[in-house]
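Trainee: So you can see what is in the structure, the chains are spelled out below.
2 protein chains.
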Amino acid sequence: MKQTPRRIKLGLMLQGAGGFMNAWRHHRVPVDASVNVSWYRQLARQAEEAGLDFLFVADGLHINEKSLPHFLNRFEPLALLSSLTAVTQRIGLAGTISTSYSDPFTVARQLASLDLLSNGRAGWNVVTSPLAGSARNFGREHPEHGQRYQIAGEYIEVVQGLWDSWEEDAFIRDRQSGVFFDANKLHKLNHQGEHFTVEGPLNIQRSAQGQPVIFQAGASESGIRLAAASADAVFTNARTLEEAQHYATRLQQEAQMAGRQPPGIFPGINPIIGATLAEAEEKYQYLLSLLSLEQALDYLGRFFDHHDFSQYDPDGPFPDLGELGQNSFRSTTDQVKRQATEENLTLREAAYRTALPKGDFFGTPQQVAETLIRWVEQGAASGFILCGPVLNEALEDITRLVLPILEARGYWYQDDRSTLRERLEIPVRPNRYTQARSRLQQAERSAC
Amino acid sequence: MKQTPRRIKLGLMLQGAGGFMNAWRHHRVPVDASVNVSWYRQLARQAEEAGLDFLFVADGLHINEKSLPHFLNRFEPLALLSSLTAVTQRIGLAGTISTSYSDPFTVARQLASLDLLSNGRAGWNVVTSPLAGSARNFGREHPEHGQRYQIAGEYIEVVQGLWDSWEEDAFIRDRQSGVFFDANKLHKLNHQGEHFTVEGPLNIQRSAQGQPVIFQAGASESGIRLAAASADAVFTNARTLEEAQHYATRLQQEAQMAGRQPPGIFPGINPIIGATLAEAEEKYQYLLSLLSLEQALDYLGRFFDHHDFSQYDPDGPFPDLGELGQNSFRSTTDQVKRQATEENLTLREAAYRTALPKGDFFGTPQQVAETLIRWVEQGAASGFILCGPVLNEALEDITRLVLPILEARGYWYQDDRSTLRERLEIPVRPNRYTQARSRLQQAERSAC
Chain L
3 MKQTPRRIKL GLMLQGAGGF MNAWRHHRVP VDASVNVSWY RQLARQAEEA
53 GLDFLFVADG LHINEKSLPH FLNRFEPLAL LSSLTAVTQR IGLAGTISTS
103 YSDPFTVARQ LASLDLLSNG RAGWNVVTSP LAGSARNFGR EHPEHGQRYQ
153 IAGEYIEVVQ GLWDSWEEDA FIRDRQSGVF FDANKLHKLN HQGEHFTVEG
203 PLNIQRSAQG QPVIFQAGAS ESGIRLAAAS ADAVFTNART LEEAQHYATR
253 LQQEAQMAGR QPPGIFPGIN PIIGATLAEA EEKYQYLLSL LSLEQALDYL
303 GRFFDHHDFS QYDPDGPFPD LGELGQNSFR STTDQVKRQA TEENLTLREA
353 AYRTALPKGD FFGTPQQVAE TLIRWVEQGA ASGFILCGPV LNEALEDITR
403 LVLPILEARG YWYQDDRSTL RERLEIPVRP NRYTQARSRL QQAERSAC
Chain Y
3 MKQTPRRIKL GLMLQGAGGF MNAWRHHRVP VDASVNVSWY RQLARQAEEA
53 GLDFLFVADG LHINEKSLPH FLNRFEPLAL LSSLTAVTQR IGLAGTISTS
103 YSDPFTVARQ LASLDLLSNG RAGWNVVTSP LAGSARNFGR EHPEHGQRYQ
153 IAGEYIEVVQ GLWDSWEEDA FIRDRQSGVF FDANKLHKLN HQGEHFTVEG
203 PLNIQRSAQG QPVIFQAGAS ESGIRLAAAS ADAVFTNART LEEAQHYATR
253 LQQEAQMAGR QPPGIFPGIN PIIGATLAEA EEKYQYLLSL LSLEQALDYL
303 GRFFDHHDFS QYDPDGPFPD LGELGQNSFR STTDQVKRQA TEENLTLREA
353 AYRTALPKGD FFGTPQQVAE TLIRWVEQGA ASGFILCGPV LNEALEDITR
403 LVLPILEARG YWYQDDRSTL RERLEIPVRP NRYTQARSRL QQAERSAC
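Residue numbers (my numbering), protein chains in the order written: chain L, 3 to 450; chain Y, 3 to 450.
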């Protein structure tokens with residue numbers, strides 16, 4: 003049965019010149035894109051103008067000399083997003099903050115501030131920091147995977163609890179009488195958990211959307227469980243429709259077990275769009291020309307425990323690696339090996355294909371639009387986050403070429419609502435104390 | 003010997019409606035000033051237009067139902083200042099962050115981000131969080147006073163070390179060759195101290211002013227020593243010229259012992275200015291009318307270990323309190339007692355005088371200008387931070403009535419330089435590795 007078309011939601015990932023590791027060399031982007039204020043402001047304005055729903059800022063807490071260009075030198079997400087509150091009006095502002103290396107009281111305040119500064123447009127992408135090196139920047143032990151997710155679960159609980167410190171109508175602010183607030187509507191949290199002890203109250207009120215939207219990005223089993231239990235939306239990295247559907251099913255199951263609506267799913271995409279297939283191929287080849295063989299092989303090695311691929315003939319067949327690659331990147335390494343065998347790729351071809359996949363979103367505007375619709379119709383996505391490969395080009399192509407097709411098909415229209423919850427159709431979380439009071443009053447009324 | 007006039011530097015404290023506890027009731031300010039984005043944007047633009055040097059955001063990490071209105075509900079400083087980067091161009095952006103309840107890696111990143119987003123206008127007001135209640139929001143013990151300052155000293159060292167991670171010319175960004183950076187100009191900090199272990203490097207480059215300016219606000223002996231050893235500027239609360247001079251002398255002594263130039267001194271001021279003295283008095287009486295006797299007595303009690311002053315006849319003489327008040331507010335409590343005796347004040351008068359002192363900056367524009375000049379000439383200040391009592395009124399009065407007098411006397415002109423260091427005449431901190439390399443090269447040259 004064909005579903006009724008629903009508006010596809012769209013985010014834009016602000017990450018340097020774009021998701022492609024050498025996007026900074028593209029002739030149309032500033033070489034310092036990852037720390038270029040004007041670049042981000044312009045993208046933010048363009049995205050809002052085009053009607054996109056939110057901006058999304060990723061993050062990382064550890065670099066070394068091998069890190070990708072846009073990781074080496076970038077703005078901290080909260081600072082960047084706060085700076086964009088003044089140049090935008092309706093677009094959401096979501097940013098990544100780690101629950102493994104921060105304090106819930108401070109993070110609750112900073113996000114609530116962003117939410118109030120933006121008039122209800124803040125989102126928090128909860129991550130647990132996978133890189134063990136992060137720990138060395140914070141003088142702590144790196145918690146193991148499962149524990150990181152337990153910490154994250156409790157952390158979100160604390161932050162959402164602090165966000166309930168002030169009821170909606172707690173501030174009276176009557177100039178005449180001098181009454182500033184109602185002390186009955188100010189609440190301490192008094193949280194005492196396994197990982198956190200936080201008294202509260204928080205020193206900032208609710209925003210136009212009540213509380214910031216919670217994003218989550220973990221694809222592991224623990225990540226899916228956390229998302230199902232706590233998130234309003236998830237950012238995923240699915241490369242194929244099948245992968246995306248599998249993830250959606252798992253998330254749905256876990257949400258059902260947690261007694262919640264499943265969060266909206268937002269796969270990151272790197273479309274390469276040309277008026278014709280030949281034009282798309284031309285763009286693809288131009289991007290490949292920005293990447294040296296050495297870089298492509300080095301990048302490939304990252305997925306295979308930093309294996310040195312430069313020892314092989316690049317134009318020979320993809321080498322037999324045996325067990326190598328059975329690590330945390332296994333879904334990628336399996337795919338690389340399978341593709342190399344099936345399509346008889348040389349090492350050079352496999353390396354370039356890994357560094358810059360063509361993927362499902364390569365082709366003409368019509369093809370890309372069809373794919374976006376198919377993913378949504380098949381229940382694999384509520385929307386997408388545009389990650390690159392090169393941000394300004396991808397945003398222009400989507401806006402100019404793809405959105406008109408989606409609009410004609412009923413999957414797109416300009417939504418001028420201004421809180422992030424409204425745009426993503428996520429209900430406001432009522433304040434827990436207000437809710438309890440209103441339940442009590444209802445009970446009293448029905449007892450009469 | 004008369005000194006040559008030097009430009010007086012001016013900051014504006016963004017703190018709700020202003021430093022006066024009931025400023026929110028003033029008919030010319032929005033009742034929600036402390037979380038009103040438009041209010042802050044407008045003050046920021048007006049201050050920049052008037053040629054002020056910086057905005058300054060205070061902070062606190064603990065509230066309860068007794069807290070002052072502008073503390074109960076306010077923006078976190080980093081978020082607020084970042085949001086102001088987009089609506090200002092030249093004015094400095096300084097904010098308070100506690101070294102007792104945060105991580106140096108995150109704080110270094112956020113401040114460096116603010117500095118880069120604002121093109122070299124960031125300042126950090128280092129505080130150690132006096133309120134023990136803060137600890138309960140972070141699930142830790144509250145370090146005792148001396149230890150807090152030791153932690154702060156090491157913390158600043160770590161942050162400044164992280165800010166040196168990338169040398170000035172580390173980023174090559176050659177589109178043609180594909181070389182993004184020079185790995186020789188990227189440095190790990192590898193700090194292992196008593197309180198912090200931080201590896202680095204930081205994932206963000208230097209700004210137009212190299213590193214953010216360090217403010218410090220502690221007036222205790224430990225505070226003065228920390229300021230002398232680490233700060234570029236200090237924010238003080240001196241009420242009289244004598245107090246300010248005494249502080250300046252102590253700071254100078256400590257700076258000399260630390261082998262540094264003494265930091266610039268910025269007393270916070272709450273001027274009440276009228277075209278005539280009668281007009282100033284009228285303003286003062288209007289402000290007093292916004293404060294109930296109950297609030298004034300309660301406020302007075304805060305300095306005397308929450309003593310209940312409502313038990314006395316408000317129109318009787320100031321009560322004999324014996325030892326009460328020999329606490330950490332002693333300089334205030336001594337002054338209250340002395341003034342009450344000397345001027346034969348009733349309790350009511352003493353309470354109102356404490357909640358809203360007239361102070362040294364009460365009077366006609368000519369008188370206030372003379373006082374500002376006197377403080378600077380007597381070495382008690384390099385400039386001032388305008389704190390209230392009501393921000394928009396004080397800013398307008400200073401701009402419209404006082405600055406022209408200062409200008410005519412040679413103590414003021416519009417400075418259009420755009421980094422905070424330039425405006426405050428604080429030299430750029432050279433990158434330690436660049437400096438070491440250049441010393442080595444010099445030594446090699448002279449050895450030839």
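These are computed hints drawn from the structure, not numbers from a lab.
Each hint should be verified, as a subset may be incorrect.
Identical copies go unnamed one by one, so any copy, or any two together, can satisfy a pair.
Claimed, not checked - Mimicking DMTMM-like on lysine to aspartate or glutamate, the simulated pairs with C-alpha atoms at most 20 Å apart in a straight line are:
{"hint": "1", "residue 1": "Lys-190", "residue 2": "Asp-176"}
{"hint": "2", "residue 1": "Lys-190", "residue 2": "Glu-143"}
{"hint": "3", "residue 1": "Lys-68", "residue 2": "Asp-171"}
{"hint": "4", "residue 1": "Lys-187", "residue 2": "Glu-67"}
{"hint": "5", "residue 1": "Lys-68", "residue 2": "Asp-184"}
{"hint": "6", "residue 1": "Lys-68", "residue 2": "Glu-201"}
{"hint": "7", "residue 1": "Lys-339", "residue 2": "Glu-281"}
{"hint": "8", "residue 1": "Lys-187", "residue 2": "Glu-284"}
{"hint": "9", "residue 1": "Lys-68", "residue 2": "Glu-196"}
{"hint": "10", "residue 1": "Lys-68", "residue 2": "Asp-176"}
{"hint": "11", "residue 1": "Lys-339", "residue 2": "Glu-245"}
{"hint": "12", "residue 1": "Lys-360", "residue 2": "Glu-424"}
{"hint": "13", "residue 1": "Lys-187", "residue 2": "Asp-34"}
{"hint": "14", "residue 1": "Lys-190", "residue 2": "Glu-256"}
{"hint": "15", "residue 1": "Lys-339", "residue 2": "Glu-409"}
{"hint": "16", "residue 1": "Lys-190", "residue 2": "Glu-379"}
{"hint": "17", "residue 1": "Lys-190", "residue 2": "Glu-67"}
{"hint": "18", "residue 1": "Lys-339", "residue 2": "Asp-34"}
{"hint": "19", "residue 1": "Lys-360", "residue 2": "Glu-344"}
{"hint": "20", "residue 1": "Lys-339", "residue 2": "Glu-351"}
{"hint": "21", "residue 1": "Lys-68", "residue 2": "Asp-315"}
{"hint": "22", "residue 1": "Lys-187", "residue 2": "Glu-379"}
{"hint": "23", "residue 1": "Lys-360", "residue 2": "Glu-67"}
Trainee: Taking the hints in turn, state whether each one holds.
Mentor: Hint check results:
Neither within a single protomer nor between protomers do Lys-190 and Asp-176 lie at most 20 Å apart by alpha-carbon distance, with minima of 24 Å and 54 Å respectively. Taking CA atoms no more than 20 Å apart as the test, Lys-190 paired with Glu-143 passes between copies only; the shortest distance there is 19 Å, against 30 Å inside one copy. In this assembly of identical chains, Lys-68 and Asp-171 lie within 20 Å of each other by CA distance solely across copies; the values are 18 Å between and 51 Å within a copy. Proximity of Lys-187 to Glu-67 under the C-alpha cut-off of 20 Å is restricted to the inter-copy arrangement: shortest distance 10 Å between copies versus 51 Å within a copy.
In this assembly of identical chains, Lys-68 and Asp-184 lie within 20 Å of each other by CA distance solely across copies; the values are 12 Å between and 55 Å within a copy. Taking CA atoms no more than 20 Å apart as the test, Lys-68 paired with Glu-201 passes between copies only; the shortest distance there is 16 Å, against 42 Å inside one copy. Taking the closest pair of Cα atoms, Lys-339 and Glu-281 never come within 20 Å of each other, the shortest separation being 29 Å inside a single copy and 84 Å across copies. Within a single copy, Lys-187 and Glu-284 get their C-alpha atoms no closer than 62 Å, and across copies no closer than 37 Å, so neither meets the 20 Å cut-off.
Taking CA atoms no more than 20 Å apart as the test, Lys-68 paired with Glu-196 passes in neither setting, with 36 Å inside one copy and 30 Å between copies. Taking identical chains as interchangeable, the C-alpha atoms of Lys-68 and Asp-176 lie at most 20 Å apart only when they sit on different chains, with a minimum of 17 Å there against 58 Å within one chain. When the C-alpha separation of Lys-339 and Glu-245 is checked against a cutoff of 20 Å, the pair qualifies only within one copy, where the shortest distance is 17 Å, while the shortest distance between copies is 75 Å. Taking CA atoms no more than 20 Å apart as the test, Lys-360 paired with Glu-424 passes in neither setting, with 34 Å inside one copy and 50 Å between copies.
Taking CA atoms no more than 20 Å apart as the test, Lys-187 paired with Asp-34 passes between copies only; the shortest distance there is 17 Å, against 48 Å inside one copy. Taking CA atoms no more than 20 Å apart as the test, Lys-190 paired with Glu-256 passes in neither setting, with 31 Å inside one copy and 42 Å between copies. In the homo-oligomer, the alpha carbons of Lys-339 and Glu-409 never lie at most 20 Å apart, since the shortest distance is 39 Å inside one protomer and 75 Å across protomers. Taking CA atoms no more than 20 Å apart as the test, Lys-190 paired with Glu-379 passes in neither setting, with 45 Å inside one copy and 49 Å between copies.
In this assembly of identical chains, Lys-190 and Glu-67 lie within 20 Å of each other by CA distance solely across copies; the values are 10 Å between and 45 Å within a copy. Taking the shortest alpha-carbon separations for Lys-339 and Asp-34, neither the intra-copy value of 35 Å nor the inter-copy value of 61 Å comes in at or below 20 Å. Only within a single protomer do Lys-360 and Glu-344 lie at most 20 Å apart by alpha-carbon distance; the minimum there is 16 Å, versus 85 Å between protomers. Taking identical chains as interchangeable, the C-alpha atoms of Lys-339 and Glu-351 lie at most 20 Å apart only when both belong to the same chain, with a minimum of 12 Å there against 84 Å between chains.
Taking the shortest Cα distances, Lys-68 and Asp-315 never come within 20 Å of each other, neither inside one copy (23 Å) nor across copies (74 Å). Taking the shortest alpha-carbon separations for Lys-187 and Glu-379, neither the intra-copy value of 44 Å nor the inter-copy value of 50 Å comes in at or below 20 Å. In this assembly of identical chains, Lys-360 and Glu-67 lie within 20 Å of each other by CA distance neither inside one copy nor across copies; the values are 28 Å within and 58 Å between.
Hints 1, 7, 8, 9, 12, 14, 15, 16, 18, 21, 22, 23, counting from the list given before, are not met by this structure.
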